[in-house]
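**Student:** In the order they appear, the protein sequences are chains A and B.
Residues in the first sequence are numbered from 1 upward in steps of one, following my numbering.
Residues in the second sequence are numbered from 1 upward in steps of one, following my numbering.
Any given hint could turn out to be false.
Claimed, not checked - Cut-off 30 Å, straight-line C-alpha distance, at most; resulting in silico cross-link-like pairs (DSBU-like, lysine-lysine):
hint: 1; chain 1: B; residue 1: Lys177; chain 2: B; residue 2: Lys111
hint: 2; chain 1: B; residue 1: Lys111; chain 2: A; residue 2: Lys50
hint: 3; chain 1: B; residue 1: Lys78; chain 2: A; residue 2: Lys159
hint: 4; chain 1: B; residue 1: Lys188; chain 2: A; residue 2: Lys178
hint: 5; chain 1: B; residue 1: Lys225; chain 2: A; residue 2: Lys159
hint: 6; chain 1: B; residue 1: Lys122; chain 2: A; residue 2: Lys178
hint: 7; chain 1: B; residue 1: Lys225; chain 2: B; residue 2: Lys78
hint: 8; chain 1: B; residue 1: Lys188; chain 2: A; residue 2: Lys186
hint: 9; chain 1: B; residue 1: Lys111; chain 2: B; residue 2: Lys133
To be verified - Chain A is nowhere near these chain B residues, computed Cβ spacing over 10 Å in every case:
hint: 10; residue: Asn52
hint: 11; residue: Met68
hint: 12; residue: Asn72
hint: 13; residue: Ala74
hint: 14; residue: Ile120
hint: 15; residue: Asn208
hint: 16; residue: Thr223
hint: 17; residue: Lys225
Claimed, not checked - Derived Cβ-Cβ restraints for the label pairs, each shown as a range:
hint: 18; chain 1: B; residue 1: Gly129; chain 2: A; residue 2: Arg248; range: 40 to 46 Å
hint: 19; chain 1: B; residue 1: Glu116; chain 2: A; residue 2: Gly173; range: 20 to 26 Å
hint: 20; chain 1: A; residue 1: Arg31; chain 2: B; residue 2: Ser142; range: 55 to 61 Å
hint: 21; chain 1: B; residue 1: Ser131; chain 2: A; residue 2: Val252; range: 46 to 52 Å
hint: 22; chain 1: B; residue 1: Thr30; chain 2: A; residue 2: Gly173; range: 30 to 36 Å
hint: 23; chain 1: A; residue 1: Glu68; chain 2: B; residue 2: Gln140; range: 32 to 38 Å
hint: 24; chain 1: A; residue 1: Ser28; chain 2: B; residue 2: Gly41; range: 21 to 27 Å
No wet-lab data here; the hints were simulated from the structure.
For clarity, every value in this text was computed on a predicted model and none was experimentally measured.
Ideal placement from N, C-alpha and C gives every residue a C-beta, glycine not left out.
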Amino acid sequence: MASINQKNKIEMTDGVLIPDRSEKSIFSAWRISFFGAIFLLIALPIFAPKPYFDIVKFIPDGIITTFEVTVLAISLSLVLGVMVGLGRISRITIINRLTTIYVEVIRGIPLLVQLFYIYYAMGKIINVPPIASAVIAMTVCYGAYIGEIFRAGIQAIPKGQMEAALSLGLTRGQAMWKIILPQTIKVVLPPIGNEFISMLKDSSLVSILAVSDLLRRGREFASQTFYYFETFTIIALVYLILTLFFSRIVGVMEERIHNRGRK
Amino acid sequence: MEENRIRIINVSKNFGKVHALKNVSLNVKTGEVVMIIGTSGSGKSTLLRCINRLENVTNGDIWIDNDMVTGNKADIRKIREEAGMVFQSFYLFPHLTALQNITLAPRVVKKISESEANEIGKKLLKRVGLSDKESAFPDQLSGGQQQRVAIARALTMNPKVMLFDEPTSALDPEMTKEVVDVMQDLAKEGMTMVVVSHEMGFAKAASNRVVFMDKGEIIEIGTPKEMFDNPKEERTKTFLNHIL
Chain A
1 MASINQKNKI EMTDGVLIPD RSEKSIFSAW RISFFGAIFL LIALPIFAPK PYFDIVKFIP
61 DGIITTFEVT VLAISLSLVL GVMVGLGRIS RITIINRLTT IYVEVIRGIP LLVQLFYIYY
121 AMGKIINVPP IASAVIAMTV CYGAYIGEIF RAGIQAIPKG QMEAALSLGL TRGQAMWKII
181 LPQTIKVVLP PIGNEFISML KDSSLVSILA VSDLLRRGRE FASQTFYYFE TFTIIALVYL
241 ILTLFFSRIV GVMEERIHNR GRK
Chain B
1 MEENRIRIIN VSKNFGKVHA LKNVSLNVKT GEVVMIIGTS GSGKSTLLRC INRLENVTNG
61 DIWIDNDMVT GNKADIRKIR EEAGMVFQSF YLFPHLTALQ NITLAPRVVK KISESEANEI
121 GKKLLKRVGL SDKESAFPDQ LSGGQQQRVA IARALTMNPK VMLFDEPTSA LDPEMTKEVV
181 DVMQDLAKEG MTMVVVSHEM GFAKAASNRV VFMDKGEIIE IGTPKEMFDN PKEERTKTFL
241 NHIL
């Protein structure tokens, strides 16, 4: 079983390293970075409250907005991603072609450009609030990447699983939902977790659309007080703590799913 | 009509330019156990997979009783309920327990209730001697146990025909017997079976006829005794010398 799982693993590393549970050392890279960052975030406001404490008071609104955008966009892009993944392996030519074009086009355009494009293009027709266009743009963008993860995940399941399901009288659709996708979850969870972390970081781009996320709050504070270095130090630490925290969560979830129902 | 449960009439199958089956005809009577032997690439697995339409034939017709397997009008799902299939690599669903593996199809396809499905599933597990393993996951079972669950799973839709594609080839020798025993019980109960396998013990004990295939054609058909003790065709003799 171990060897089968090894084979099914697909690695994509545009988020952050997922900590390996086998690394037992107290001074693991993850611990040094995570607790180091937390230490700095606590120590700086205590020992130099002048700018740092004010900064720390100013940014929590931004963290909430960053979360809102990220969680909404990742949820929607998961739904979109499953549909795109299924479309990419569809045997109906037109669906297959359309989803493939979508993936090709979206992956070829930088997210920042897509953000501008959706904000201003949609702005011509209807007045969409910045936060909505930010979520839509990120969903459309990440839907393509997550779609590719689902496609790879579905294709990593042995063909015999589908045949066994079909030979029991299930339709292709039933076999996909009951047999293939549940197994796919296990395979795609680490890369999807990575996409979530990657999105958490990329969400900083939406600050360009007047969305008051973490980065934009920092810029607001810095431009009023001229504490640029100090502000962005704190902003960087907060992003780092968040991404490292979630990378650990993803690692634990991966382990849970792997061991589900086993003793 | 009723006597022949499976009728395979002039079936050909091409994969691109490869002729996997060339004009194959074979009838299997109700309750009969037919073994298909032959080298790899002889088309025996392809023939089996055509019977429940995991492969589409290029030419020819296949019938299970009065239901047409081939052609556009075939009710493929009905065919697959009628023909249970057991694979060389088991293909149990790894995210489901042994019992859930068995109850999935009746619940999803026939929409029967969970408790009713569980009752059927437990009976089938008992039949293959694995009552104590109902909540085990496939990777907690030995190969022989997995294959027995796979047989129980294939029986869950009450098939008229059971198709076995090299059911013991992926097993260690000491596990082969437990699977063969289950297959022999099935044969005794009158199940119509088509078995692709080189399991000589099973062939002698339970099969009515043995079919030797080579290069997509049926070369020789006979009772196990005729085939193993006194094969007529040169190619059959050569093959049997290799595997015996």
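**Student:** None of the hints should be skipped; say for each whether it holds.
**Tutor:** Now for the hints, and whether the structure bears them out:
Taking the CA atoms of Lys177 (chain B) and Lys111 (chain B), the gap is about 35 Å. The hint is violated against a cut of 30 Å. With a CA separation close to 68 Å, the supplied pair Lys111 (chain B) and Lys50 (chain A) exceeds the 30 Å bound. A threshold of 30 Å between alpha carbons decides the hint, and for Lys78 (chain B) with Lys159 (chain A) the separation of about 22 Å falls inside it, so the pair holds. Under the criterion of a C-alpha separation no larger than 30 Å, the hint pairing Lys188 (chain B) with Lys178 (chain A) is inconsistent with the structure, at around 34 Å.
The hinted pair formed by Lys225 (chain B) and Lys159 (chain A) fails the criterion: a straight-line CA distance of about 38 Å is larger than 30 Å. Only pairs whose Cα atoms come within 30 Å are accepted, and Lys122 (chain B) paired with Lys178 (chain A) is accepted, the gap being roughly 21 Å. Note on Lys225 (chain B) and Lys78 (chain B): the hinted pairing is violated, with a Cα-Cα distance of about 36 Å set against a maximum of 30 Å. With a CA separation close to 42 Å, the supplied pair Lys188 (chain B) and Lys186 (chain A) exceeds the 30 Å bound.
Between Lys111 (chain B) and Lys133 (chain B), the direct Cα distance comes to roughly 24 Å. Compliance with the 30 Å bound is thereby established for this hinted pair. With a least beta-carbon separation of about 6 Å from chain A, Asn52 (chain B) fails to lie farther than 10 Å from that chain, contradicting its non-interface assignment. For Met68 (chain B), the requirement that its beta carbon stay farther than 10 Å from each beta carbon of chain A is met, with the minimum near 17 Å. Non-interface status of Asn72 (chain B) relative to chain A is upheld: no Cβ of that chain comes within 10 Å, the nearest being about 16 Å off.
Even its closest Cβ contact with chain A, about 13 Å, leaves Ala74 (chain B) beyond 10 Å, as expected for a residue assigned away from the interface. Every CB of chain A lies more than 10 Å from the CB of Ile120 (chain B), the least distance being 13 Å, so the non-interface label holds. No Cβ of chain A approaches the Cβ of Asn208 (chain B) within 10 Å, the least distance being about 24 Å, so the stated non-interface status holds. A cut-off of 10 Å between C-beta atoms confirms that Thr223 (chain B) is not in contact with chain A; the least separation is 29 Å.
Even its closest Cβ contact with chain A, about 32 Å, leaves Lys225 (chain B) beyond 10 Å, as expected for a residue assigned away from the interface. A C-beta distance of roughly 45 Å is found between Gly129 (chain B) and Arg248 (chain A), which places it inside the suggested range of 40 to 46 Å. In this structure, Glu116 (chain B) and Gly173 (chain A) meet the distance hint of 20 to 26 Å, their C-beta atoms being roughly 24 Å apart. Against the hinted window of 55 to 61 Å, the Cβ-Cβ separation of Arg31 (chain A) and Ser142 (chain B) comes to about 41 Å, which falls outside the hint.
For Ser131 (chain B) paired with Val252 (chain A), a C-beta distance near 36 Å fails the hint of 46 to 52 Å. At roughly 33 Å, the beta-carbon separation of Thr30 (chain B) and Gly173 (chain A) lies within the given 30 to 36 Å, and the hint holds. As the Cβ distance of Glu68 (chain A) to Gln140 (chain B) is approximately 43 Å, the hint placing it in 32 to 38 Å is violated. With their beta carbons about 52 Å apart, Ser28 (chain A) and Gly41 (chain B) fall outside the hinted range of 21 to 27 Å.
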